[in-house]
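Use the sequences and the hints to build the structure in full.
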Amino acid sequence: MEEEAAVERFPGVYAVGDRLATRNLIPGVRVYGERLLAVAGVEYRAWNPRRSKLAAAILSGLGELPIREDSKVLYLGAASGTTASHISDIATRGRVYCVEFSPRVFPSLLALAELRHNIIPILADARRPHLYAPLLEECDLVYQDVAQPEQAAILLENARYFLKPGGFFMLAVKARSVDIAMAPRDVYSQEAQRLRDGGMEIRELLPLEPHEKDHAMVVGRKER
Amino acid sequence: MRAYLARNVLGVIALGEDGRIIDREPYPREPGAVAERLGQGAGLERLEDYEVVTEEEGPNPAGEMLRRDPWGAWGVEAAEYYRLVRGVAVLTANAKLGEVSQERDRELIQALQALQDLEESLNLLTERASEWQALHRPGGADEGLPGFVRGVEGLSSLRERLEGYVTGTMEEVAPNLAGLLGPLLGARLIAEAKGLESLARMPGSRIQVLGARRAIFQHMRGRQPPPKYGIIFQHPLIKGAPWWQRGKIARSLGAKAAIAARLDAFSGEYLAEGLKERLERRVEEVRRKYPSEPKRLRIIKRPKVEKKRWKRKRR
Ligand SMILES: C[S@@+](CC[C@H](N)C(=O)[O-])C[C@H]1O[C@@H](n2cnc3c(N)ncnc32)[C@H](O)[C@@H]1O
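Sequence lines, in order, name chains W and B.
Counting the first sequence from 1 gives a position; my numbering is that position plus 1235.
Counting the second sequence from 1 gives a position; my numbering is that position plus 667.
Please keep in mind that the hints were generated in silico from the structure rather than gathered at the bench.
These numbers come from a predicted model, not from an experiment.
Cβ coordinates follow ideal geometry from the N, Cα and C atoms, glycine included.
There could be a bad hint or two in this list.
[To be verified] Just so you have them, the derived chain B footprint on chain W, three or more residues with Cβ under 8 Å:
1. 1338-1351
2. 1360-1373
3. 1384-1397
[What the hints assert, rightly or not] Below, in silico cross-link-like pairs of lysine to aspartate or glutamate (EDC-like), each with a Cα-Cα straight-line distance of 20 Å or less:
4. W:K1457 x B:E731
5. W:K1457 x W:E1373
6. B:K763 x W:E1349
7. B:K763 x W:D1360
8. B:K861 x B:E770
9. B:K763 x B:E703
10. W:K1399 x B:E731
11. B:K906 x B:E951
12. B:K943 x B:E839
13. W:K1457 x W:E1385
14. W:K1399 x B:D736
15. B:K915 x B:E960
16. W:K1457 x W:D1432
17. W:K1399 x W:E1436
18. B:K915 x B:E951
Below, the structure is given as structure tokens:
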């Protein structure tokens, strides 16, 4: 394999050649068919912006990535764990609480958690946080990608239970699942306003074109 | 006075309005026991005089305390705490997944039985229609026969839709069984076993004779040789084979069906094409090795001991 340099873009997030990548927590094991890259004896997993909105956000010029090695992350709408697996590569000494309510995709998440001990798979509805509260601890980041019309309300409710004061949130907004008739830009600012009204500070509003059509990432913090 | 109640995998805790702990109860440090406790109400006996506030209405100070320091209050190490959290999360999820798949199985079985009922009725009704047709004089006000025929046609299109539903559900629930046996035969096996999981726990030899209830009883009474096949006889590769090859093909099909059921119930991987290929190769082999009817018929004696035992029980 040709040797390339791995340049750290954010803590735990690297550029290897023209690819985004994270250091593989479980060397030799792929999660969703991604490429494995070896640089100076270290294995990285290529992070595909077409499969993961968080990768798309980083490549679209995200200003800050609020995930550290020891971060506690609540991930709402984890699906089969594509993005969650990269977060688990970054927060190696932290925890990624993955909430997903679809019984169809959940077995993949269970399989992922079997190898990755920082992933805690929670089969539950993100609209009913009190039902999984006994499994949670206070978190540094709430990451949400549920593609639901009431996404702002879901985020606020979960932040109320689980986000520590001053903690961050990242919300992937899918314009079409909020309002098909509205222009995407208007949807994004409407959702941002709802979050502000709920006591959140908005720090970035990042459209994800061309990686994801009609999607944006909203990043912000809970007031202290 | 209010008491704020909250819990995590280590136990349940109650805080007074002044933020001090009023009561607490640790849970056993075993995921199964914890999952069970979390599935029940959170009651604490000493709180009878209080107005108890749980986290159902929103986060409360007790929950906040537990989430800020989940293990500190219980004198437990972080590693032990996280072992329990993971264990409980996985157990609860698996239990829920089991329930969901059981519900889906039950619905599939109902739809299949409705389909079979409909087929039986359609046979009767079509027969009746053609009998009626034979002595029907056209002309005049046609209230009788044409209306009846329209009704039968309506039922027949309902049958098609129901078959589409069963096929679609099978492709989702048990794609390997559907691929290997065809969706309807696959569904009949699931129905006969009363669920995909119980089918997946059966050995191939059992699946092979599934649905041959009468033949099995006759065998047990010592009146017949053991049955070679049950409802998998419906499979074209068995039905279309000469009688002396059927048992061997049925054995192979039963074994492959067992693998398919296990894939569908426990792994989700789709390998039906490979299974089908192996089955077809085995059929070829059987055809080559046993091309013609065997000359000597084995005479099977009634197993006498078994018969005696049977009679004794009946007395
Ligand atoms: C767009 S996908 C997420 C993809 C994933 N974030 C990734 O990048 O790997 C949205 C997921 O949210 C889940 N979801 C939607 N509503 C939910 C809810 N109320 N509670 C939990 N999960 C939900 C869906 O089942 C689906 O798997």
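Going down the list of hints, with the structure as the test:
1. 1338-1351: holds (count 5)
2. 1360-1373: Result for this restraint: holds, n = 7.
3. 1384-1397: holds (count 3)
4. W:K1457 x B:E731: 16 Å, holds
5. W:K1457 x W:E1373: 13 Å, holds
6. B:K763 x W:E1349: 18 Å, holds
7. B:K763 x W:D1360: 12 Å, holds
8. B:K861 x B:E770: 11 Å, holds
9. B:K763 x B:E703: Roughly 13 Å between the alpha carbons, so the hint for K763 of chain B and E703 of chain B holds.
10. W:K1399 x B:E731: Holds. K1399 of chain W to E731 of chain B sits at ~10 Å (cutoff 20 Å).
11. B:K906 x B:E951: 15 Å, holds
12. B:K943 x B:E839: This hinted pair holds, its Cα atoms lying about 19 Å apart.
13. W:K1457 x W:E1385: It holds: about 19 Å lies between the C-alpha atoms, which stays within 20 Å.
14. W:K1399 x B:D736: Roughly 12 Å separates the two Cα atoms, so the pair holds.
15. B:K915 x B:E960: Distance ~14 Å between K915 of chain B and E960 of chain B Cα, so the pair holds.
16. W:K1457 x W:D1432: 11 Å, holds
17. W:K1399 x W:E1436: OK: K1399 of chain W and E1436 of chain W at ~14 Å, within 20 Å.
18. B:K915 x B:E951: Roughly 11 Å between the alpha carbons, so the hint for K915 of chain B and E951 of chain B holds.
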